[in-house]
Amino acid sequence: MGNKMTGRPAVAIAAAGPPHHPPQVPQHRQRKPQPTSWFGRTWQGSGPGYMFLLPWFIGFFGLTLGPAIVSFYLSFTDFDLLRSPNWVGMANYVRIATSDPKFAASMGVTLFFVLFSVPLKLAFALGVAVVLNRGIRGLPVYRAVFYLPSLLGTSVAIAVLWRQLFASDGLVNSILAEFGIQGPSWISHPSYSIWTLIILSIWQFGSPMIIFLAGLRQIPTDMYEAASLDGASKLRQFIKITLPLLTPVIFFNAVVQTIDAFKAFTPAFIISGGTGGPINSTLFYTLYLYQEAFGFFRMGYASALAWVLVVIIALFTAFSFLTARFWVHYDD
Amino acid sequence: MTSLAIFSKDDSISPRRSRFVSLLFHTLLMVVSIIMLYPLLWMLSASIRPEAEIFSSTSLLPSSIDLSSYWQGWTGLRVEFGQFFWNSLVISVLSVAGNVVACSLAAYAFARLKFAGRNFWFAIMLGTLMIPYHVTLIPQYVLFLKLGWVDTILPLVVPKFLAVDAFFIFLMVQFFRGIPRELDEAARMDGCSAWRIYWKIMLPLSTPVLATAAIFSFLWTWDDFFGPLIYLNDMNNYTVQLGLRSFVDSSGSSQWGGLFAMSTLSLVPVFFFFLFFQRLLIEGIATTGLKR
Chain A
1 MGNKMTGRPA VAIAAAGPPH HPPQVPQHRQ RKPQPTSWFG RTWQGSGPGY
51 MFLLPWFIGF FGLTLGPAIV SFYLSFTDFD LLRSPNWVGM ANYVRIATSD
101 PKFAASMGVT LFFVLFSVPL KLAFALGVAV VLNRGIRGLP VYRAVFYLPS
151 LLGTSVAIAV LWRQLFASDG LVNSILAEFG IQGPSWISHP SYSIWTLIIL
201 SIWQFGSPMI IFLAGLRQIP TDMYEAASLD GASKLRQFIK ITLPLLTPVI
251 FFNAVVQTID AFKAFTPAFI ISGGTGGPIN STLFYTLYLY QEAFGFFRMG
301 YASALAWVLV VIIALFTAFS FLTARFWVHY DD
Chain B
1 MTSLAIFSKD DSISPRRSRF VSLLFHTLLM VVSIIMLYPL LWMLSASIRP
51 EAEIFSSTSL LPSSIDLSSY WQGWTGLRVE FGQFFWNSLV ISVLSVAGNV
101 VACSLAAYAF ARLKFAGRNF WFAIMLGTLM IPYHVTLIPQ YVLFLKLGWV
151 DTILPLVVPK FLAVDAFFIF LMVQFFRGIP RELDEAARMD GCSAWRIYWK
201 IMLPLSTPVL ATAAIFSFLW TWDDFFGPLI YLNDMNNYTV QLGLRSFVDS
251 SGSSQWGGLF AMSTLSLVPV FFFFLFFQRL LIEGIATTGL KR
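Protein chains in written order, with the numbering used here: chain A, 1 to 332; chain B, 1 to 292.
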């Protein structure tokens with residue numbers, strides 16, 4: 001930029017070889033002398049970048065990296081918030097692996113929730129998106145209606161509503177009663193309570209549906225035209241064209257929703273009144289972690305639980321990415 | 001029938017049949033819509049009908065309109081709900097400000113400034129998106145406890161000013177990269193500092209992404225239950241979500257009218273954003289895969 005006044009591109013100067021005397025290029029801003037060391041050259045001009053990143057750096061080191069390291073350390077201690085932590089080695093992890101029935105129960109509940117809520121939610125989202133994508137009239141209205149629950153869904157108000165819907169004298173049983181069916185108390189029955197949470201999750205299929213709609217719109221219509229000229233049925237077109245081309249979107253939604261399902265907390269907390277009951281049937285992993293950390297102040301043990309969760313989520317994600325190359329179709 | 005334009009070249013489907021199929025789909029979609037909206041509408045109608053009628057009726061139309069549930073709910077706890085709404089509003093507005101300022105600063109650095117280690121830090125920033133909050137939860141709590149911040153709004157607000165919601169940084173980086181480079185190159189030629197380019201060029205051109213980030217951070221903060229649950233103890237500091245939870249615990253099922261009234265009120269701000277910024281919300285989800 002120093003040669004701006006000469007009107008010649010920088011390459012031309014460089015190609016002209018070493019001049020006999022340094023060119024007297026009038027500079028309109030005084031430049032700092034070029035540092036000669038490797039270190040100096042690397043950091044040349046980095047100042048503003050780091051200034052802009054300053055808040056993020058403080059947050060990253062102070063609230064993310066630092067705490068993550070401390071939490072890893074605490075997971076090997078018996079920290080209880082009052083006394084200073086004592087090193088207990090692998091004891092927390094050993095207890096998790098061998099002798100904690102509540103860990104096993106909460107992991108079971110969480111896996112059950114993930115394995116049922118995610119596929120059902122995605123199937124629903126995909127089904128509705130495919131129907132909407134036929135160019136149906138009133139698409140914006142339907143899309144808005146289906147999206148609303150997923151926008152509202154995570155608030156306490158909806159969990160409160162759900163608690164009432166599936167109570168013994170709740171709305172669902174009132175409706176069933178009109179057909180002469182005597183429904184159970186869904187939320188206080190250990191075999192049904194988890195299903196009320198799964199239904200709540202499926203009810204929020206709106207945002208994966210929107211992502212599916214965006215994906216469906218990317219599929220060129222001439223593919224379908226060619227297929228129907230060749231006499232392919234609608235079902236065949238869906239299986240042979242829509243599904244394969246949509247696999248990257250399905251994959252994305254599956255990973256995001258799975259991670260999200262592992263982290264679910266509020267509905268189980270509100271519907272079970274913070275207990276995870278009846279008989280631990282809604283004891284989500286995060287709820288158990290919360291109880292250990294902030295109910296019993298077993299912070300060391302809760303830290304170990306947190307790291308186990310990280311490992312499980314990481315394994316799930318890694319597994320998805322490893323299997324992805326066998327079923328996810330990337331158009332290249 | 002234009003609604004089946006995609007399939008119009010399909011000779012196997014006659015116009016009559018396609019009309020029938022279309023009708024079938026509309027019926028199906030309407031049934032699903034009604035099932036999905038029914039609980040919400042029922043809650044709204046339960047909040048405006050006489051208490052005695054709430055459980056005797058599955059219909060959506062109340063026999064008479066009775067707003068006394070709202071008064072009961074508003075004053076149903078030791079502290080009035082007005083205080084909870086105010087607390088939620090303060091926390092949400094400050095969180096929006098923090099997220100927009102801190103994330104846009106970081107995003108500008110990643111998208112436009114040259115500095116040593118940029119790619120490295122960018123990768124680290126993306127990596128933080130993957131870390132579940134549970135890992136940092138306990139040490140953060142201890143830190144805020146030591147600082148004397150527990151039972152104040154600081155632990156809920158200050159992290160937002162330190163750009164810990166890396167998702168918004170990512171969102172803004174994507175947008176900033178789409179702004180023509182010629183604009184800031186030209187400004188730099190004219191001697192503009194990085195700060196002025198950020199302030200005078202990038203931000204004014206980025207209102208859509210700033211608005212998306214602002215709306216989502218408002219909604220997420222407004223709905224947040226876990227953070228306030230951990231950090232706020234005194235009922236005077238409660239957010240709306242904590243207030244609702246205390247209401248459930250204290251009244252059990254004896255005051256459903258008041259509970260539904262307050263639940264409905266707590267959804268009003270979210271519904272407002274849904275009504276007026278729907279396009280922005282839907283585009284935000286469709287283009288970036290936000291999960292709500």
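Hints should not be assumed to be uniformly reliable.
What the hints assert, rightly or not - No farther apart than 20 Å at their CA atoms in a straight line, the calculated lysine to aspartate or glutamate pairs in the DMTMM-like style are these:
id : chain 1 : residue 1 : chain 2 : residue 2
1  : B       : K114      : B       : E185
2  : B       : K146      : A       : D260
3  : B       : K200      : B       : E185
4  : B       : K114      : B       : E182
5  : B       : K146      : A       : D222
6  : A       : K263      : A       : E225
Said to hold, decoys possible - Anything over 12 Å on all C-beta distances counts as not near chain A; from chain B, calculated:
id : residue
7  : I54
8  : E80
9  : I153
10 : F161
11 : D249
12 : Q278
Read the hints as simulated data drawn from the structure, not as lab findings.
Don't be surprised by glycine CBs; every beta carbon is placed ideally from N, CA and C.
Each hint tested on the structure:
| no. | hint | result |
| --- | --- | --- |
| 1 | K114/B / E185/B | holds, 13 Å |
| 2 | K146/B / D260/A | violated, 31 Å |
| 3 | K200/B / E185/B | holds, 13 Å |
| 4 | K114/B / E182/B | holds, 16 Å |
| 5 | K146/B / D222/A | violated, 64 Å |
| 6 | K263/A / E225/A | violated, 43 Å |
| 7 | I54 | violated, 9 Å |
| 8 | E80 | holds, 18 Å |
| 9 | I153 | holds, 16 Å |
| 10 | F161 | violated, 6 Å |
| 11 | D249 | violated, 7 Å |
| 12 | Q278 | violated, 6 Å |
The structure is inconsistent with the numbered hints 2, 5, 6, 7, 10, 11 and 12, although it conforms to all the rest.
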